[in-house]
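Chains as they are written, first to last, in numbering that gives the first Met the number 0: chain A, 0 to 557; chain B, 0 to 149; chain C, 0 to 226.
No lab work stands behind these hints, which were simulated from the structure alone.
Some hints here could point you the wrong way.
As the list claims (entries may be wrong) - For lysine to aspartate or glutamate, the following EDC-like pairs were computed, each having C-alpha atoms within a straight-line distance of at most 16 Å: (1) C:K132 / C:E27; (2) A:K526 / C:E20; (3) A:K284 / A:D539; (4) A:K284 / A:E466; (5) B:K82 / C:E27.
Small disclaimer: the values here were computed from a predicted structure and weren't measured.
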Amino acid sequence: MSKTLIQPREIPEQEELNYLNNGTSLKSWLLTGDHKRIAVLYLIGISFFFFIGSIAAGLIRLQLMRPTGVLLENDTYNKVFTAHGIVMIFFFLVPSIPAVFGNFFIPLMIGARDLAFPRLNLLSWYVYMLGGVMFLAAMLGGGVDTGWTFYVPLSSMYSNTNVSLAILAAFMAGMSSILTGVNFIATIHKMRAPGMTWGRLPLFVWAHYATSIIMVLGTPVVAITLVLVLFERTFKIGIFSPELGGDPVLFQHMFWFYSHPAVYIMVLPGMGVQSELIANFCRKKVFGYHFIAISSLAIAALGFLVWGHHMYVSSQSMYQSTVFSLLSFLVAIPSAIKIFNWSATIYKGDVRLQTPMYYALAFMGLFTIGGLTGLYLASIATDVHLTATYFVVAHFHYVMVGGALTAYLGAIHYWWPKMFGRLYSDSLGKVSALLVFVGFNLTFMPQFIVGWLGMPRRYSVYYLAPEFQAYHIMSTLGSTVLGIGLFMPLCYLTYSLFKGPRASANPWGAHGLEWLTSSPPVTENFKQIPIVTDEVYDFDYERDHREHAEEADSEEVE
Amino acid sequence: MSELTLDPHNDSHDEHNHHVHPVSSYLKTLGALFVLMVITVWAAQIPLGSWGNNLVAMGIATTKATLVVLYFMHVRYGTSLVKLWAILGFLWVPLLGFTLADYATRQYEMVPTWNANDKGSALARDRSGTVGDSKKSMEEQTEANVRGRF
Amino acid sequence: MASTAVDTHAHHHPGLHHQFEDIEQQNEAYLVGMWSFMVNEIMFFGGVFLVYCLYRWRYQDDFYAIHHELNWKMGAFNTTVLLFSSFSMVMAVHFATLKDRMKTLMNLALTCACAFTFLIVKYFEYGAKFEHKLFPGPNFRPELEHLNGANPNVAQLFMSLYFGITGLHALHIIIGILIIGILMGFWYKKNPLVTEDFLPTEMVGLYWHFVDLVWIFLFPLFYLIPR
Numbered sequence: 000m001s002k003t004l005i006q007p008r009e010i011p012e013q014e015e016l017n018y019l020n021n022g023t024s025l026k027s028w029l030l031t032g033d034h035k036r037i038a039v040l041y042l043i044g045i046s047f048f049f050f051i052g053s054i055a056a057g058l059i060r061l062q063l064m065r066p067t068g069v070l071l072e073n074d075t076y077n078k079v080f081t082a083h084g085i086v087m088i089f090f091f092l093v094p095s096i097p098a099v100f101g102n103f104f105i106p107l108m109i110g111a112r113d114l115a116f117p118r119l120n121l122l123s124w125y126v127y128m129l130g131g132v133m134f135l136a137a138m139l140g141g142g143v144d145t146g147w148t149f150y151v152p153l154s155s156m157y158s159n160t161n162v163s164l165a166i167l168a169a170f171m172a173g174m175s176s177i178l179t180g181v182n183f184i185a186t187i188h189k190m191r192a193p194g195m196t197w198g199r200l201p202l203f204v205w206a207h208y209a210t211s212i213i214m215v216l217g218t219p220v221v222a223i224t225l226v227l228v229l230f231e232r233t234f235k236i237g238i239f240s241p242e243l244g245g246d247p248v249l250f251q252h253m254f255w256f257y258s259h260p261a262v263y264i265m266v267l268p269g270m271g272v273q274s275e276l277i278a279n280f281c282r283k284k285v286f287g288y289h290f291i292a293i294s295s296l297a298i299a300a301l302g303f304l305v306w307g308h309h310m311y312v313s314s315q316s317m318y319q320s321t322v323f324s325l326l327s328f329l330v331a332i333p334s335a336i337k338i339f340n341w342s343a344t345i346y347k348g349d350v351r352l353q354t355p356m357y358y359a360l361a362f363m364g365l366f367t368i369g370g371l372t373g374l375y376l377a378s379i380a381t382d383v384h385l386t387a388t389y390f391v392v393a394h395f396h397y398v399m400v401g402g403a404l405t406a407y408l409g410a411i412h413y414w415w416p417k418m419f420g421r422l423y424s425d426s427l428g429k430v431s432a433l434l435v436f437v438g439f440n441l442t443f444m445p446q447f448i449v450g451w452l453g454m455p456r457r458y459s460v461y462y463l464a465p466e467f468q469a470y471h472i473m474s475t476l477g478s479t480v481l482g483i484g485l486f487m488p489l490c491y492l493t494y495s496l497f498k499g500p501r502a503s504a505n506p507w508g509a510h511g512l513e514w515l516t517s518s519p520p521v522t523e524n525f526k527q528i529p530i531v532t533d534e535v536y537d538f539d540y541e542r543d544h545r546e547h548a549e550e551a552d553s554e555e556v557e
Numbered sequence: 000m001s002e003l004t005l006d007p008h009n010d011s012h013d014e015h016n017h018h019v020h021p022v023s024s025y026l027k028t029l030g031a032l033f034v035l036m037v038i039t040v041w042a043a044q045i046p047l048g049s050w051g052n053n054l055v056a057m058g059i060a061t062t063k064a065t066l067v068v069l070y071f072m073h074v075r076y077g078t079s080l081v082k083l084w085a086i087l088g089f090l091w092v093p094l095l096g097f098t099l100a101d102y103a104t105r106q107y108e109m110v111p112t113w114n115a116n117d118k119g120s121a122l123a124r125d126r127s128g129t130v131g132d133s134k135k136s137m138e139e140q141t142e143a144n145v146r147g148r149f
Numbered sequence: 000m001a002s003t004a005v006d007t008h009a010h011h012h013p014g015l016h017h018q019f020e021d022i023e024q025q026n027e028a029y030l031v032g033m034w035s036f037m038v039n040e041i042m043f044f045g046g047v048f049l050v051y052c053l054y055r056w057r058y059q060d061d062f063y064a065i066h067h068e069l070n071w072k073m074g075a076f077n078t079t080v081l082l083f084s085s086f087s088m089v090m091a092v093h094f095a096t097l098k099d100r101m102k103t104l105m106n107l108a109l110t111c112a113c114a115f116t117f118l119i120v121k122y123f124e125y126g127a128k129f130e131h132k133l134f135p136g137p138n139f140r141p142e143l144e145h146l147n148g149a150n151p152n153v154a155q156l157f158m159s160l161y162f163g164i165t166g167l168h169a170l171h172i173i174i175g176i177l178i179i180g181i182l183m184g185f186w187y188k189k190n191p192l193v194t195e196d197f198l199p200t201e202m203v204g205l206y207w208h209f210v211d212l213v214w215i216f217l218f219p220l221f222y223l224i225p226r
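Excised from the complex, chain A in its bound form (with noise of 0.2 Å):
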């Protein structure tokens, strides 16, 4: 390996040299051993499965334009939303964040020259685009019908469909994603530059740290749980089916016991990255900061006690409902904290609309109103009445797609000067944002009202009720504007790269190490490791600094 690295302290210094036109070579891509090379083959791993997830939401959508459906037969349709469902959540949300901007930003934010185990790194992205091979020929090869949860008994039992395939392809993505855990906690821990304590620490690390433990301890649940159904599907084993034995409400205890925790690895890392675009683009220090950083370690840690509120109707006992709903409200707590915090931090803060400043203030609004719903959910009464209703589904895209997603928009277009070293037109960005948010609330506030007035999610037709179509169809027409807002960027973005106009080191003004190397930055992120005198998002600092630093920067040049 040691010697694909091309080790830029072992070269005379070029100024032109950055880690992006530092060995050209296909083999240079992918044998590399930089924690930005890998973060860039996962963006763009990422970004092919978000656009095959997304084509399968375009269908679902197009389907229920009509009562009796528009292109697609009831098996295909039931093919189509689990491989929507898959693709996002085990190819698109989970690894979204941390694998793109948290394995780029977290080495130059605590000043690393990269990831404490670059290999096992390289090999995460391998195992992850390995598992995603796995789950297209599985799609391609006739589909998976059991949804994303593989509930059994019909994951293990009755489908005949390619689940043993597509299991093997959500356990690969978990395996991608432990490794990626142990590799941030491992760095975070031990690799922190001098001076950056962890009173220090950007609050967007605070996050992908308390997910990292998310991570390497849910995930292995859900992957042995997932072994067990193939055993159980492969030996005819009773391990989960009733018919061989066993009880199917043990498998959604640990089928659920890591999925209500990934959805705060979906959504904590976002988070992270909303701290950082509200305290730049507000100058100031994030308010509370203390609280924001123990919240996300609170909201891990509570994370893995409300699986039960997913199995209200179940037949889980009621006293177990009661004690889950309770403690499902108190997650609540430490999401409100956040919030309370960034809008504190913007009250007087020296606002800056620009691009990413837009997904920040979107997130806020939809995440909240995703949060809120919950609390319908999280109570027994009311979910029992709305569970697999169109509520929950409209729930769960305002945390995942108004929540991770917008916070994943936002990231890439905060961050994008310093990834690839150009800048994108602010105005098209704008109004990106700005599609995608009246898109985004056009498609999924329908789904609400249609979801409490009685749609059940998963279903292809809904000819018995024909008047909730108005609602659909507005949901499609949003999903379309939804669509061109997120195919803008893509636009936009390819074309900077290649003429856009050169950015600076530190085109925001930001705070924070990543920005003081060079955009795009080096190999080896630092030409020195950076001791760290100021305290986190210490704009004033930085006022008062900037000027000294670009002398110093001038220097260095010379």
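Position chains B and C against the provided structure of chain A, taking the given hints into account.
Relative to chain A, chains B and C alone:
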């Protein structure tokens, strides 16, 4: 295991500053592990009631595990971070506790499909006939099991 | 300016990777990584232990009856072997810290031998189950005497758990043998990666102790079920 207390014996022989522990501590740990293993086999023969035996067996296993973690895995001399991780390993206990608490607080019935004679069952196993004629009929056994539980 | 970074690495440790400042930081990072991996493994086994606990609780009588099919003497023998292998492993780590190459190699070989012994005993145990048609699945057709009065379906569930969990454990043993073999190769070739630094040996040791830990719980859970 207070007899295993040993001075850390800071033999800073090289730049790693790694503590070399006396072999005697490992030997004592191994001895204790063997003794505990014999005890656990012996205790399993004594009728203490199902719960009693389980508690004894799991208590001994936990003690053995603790010995291995503390002395063989050097957690006793490790940093507090390593200790924290060793403790985090117990996170699966809430998983176990919460899940079993669910089963303890509701009526959990034997799966009706186990009964091959019940025509309402979803899928009777094809091969059930070959194993069905044991001493008791499956139906009786199923009922006996349900009664035994509640 | 860049030259300062080069200078700090001028006389660096042979096993030091470029992203670390010094070998101490690298070792600490590796230990943290190893421990988080092991916690991850504990959760992995925790899942199957949960399945076991639930069904054991539900079907205590049948589990008691069918567990007579397992040979506790073989289990106890294997426990002894594994406990001893843990000891030889820790001795290997001990001698690795002292940079005593021959003794490290001997102890690693001893550990490997124990691991093979464990697998051989396991082979005979599994073989007996196959012979009695106790392997779960469509071929599960044991004679009555091998059921010991247990409900055949529960017996099959027990056997599924037995093969599943001990099989998973045996898989870890096999991986352990491979890792220890590679480590021995490094020691044999006097690779400075292991001779100059105790940590690779220590990490393999941690993994091996973890495998031992799992068996410490598996032994009473499967072989010593009380009435």
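Hint by hint, here is what the structure shows:
1. C:K132 / C:E27: Violated. C:K132 to C:E27 sits at ~49 Å, over the 16 Å cutoff.
2. A:K526 / C:E20: Judged against 16 Å, a Cα distance of about 13 Å means the pair holds.
3. A:K284 / A:D539: Distance ~9 Å between A:K284 and A:D539 Cα, so the pair holds.
4. A:K284 / A:E466: violated, 50 Å
5. B:K82 / C:E27: holds, 13 Å
The structure is inconsistent with the numbered hints 1 and 4, although it conforms to all the rest.
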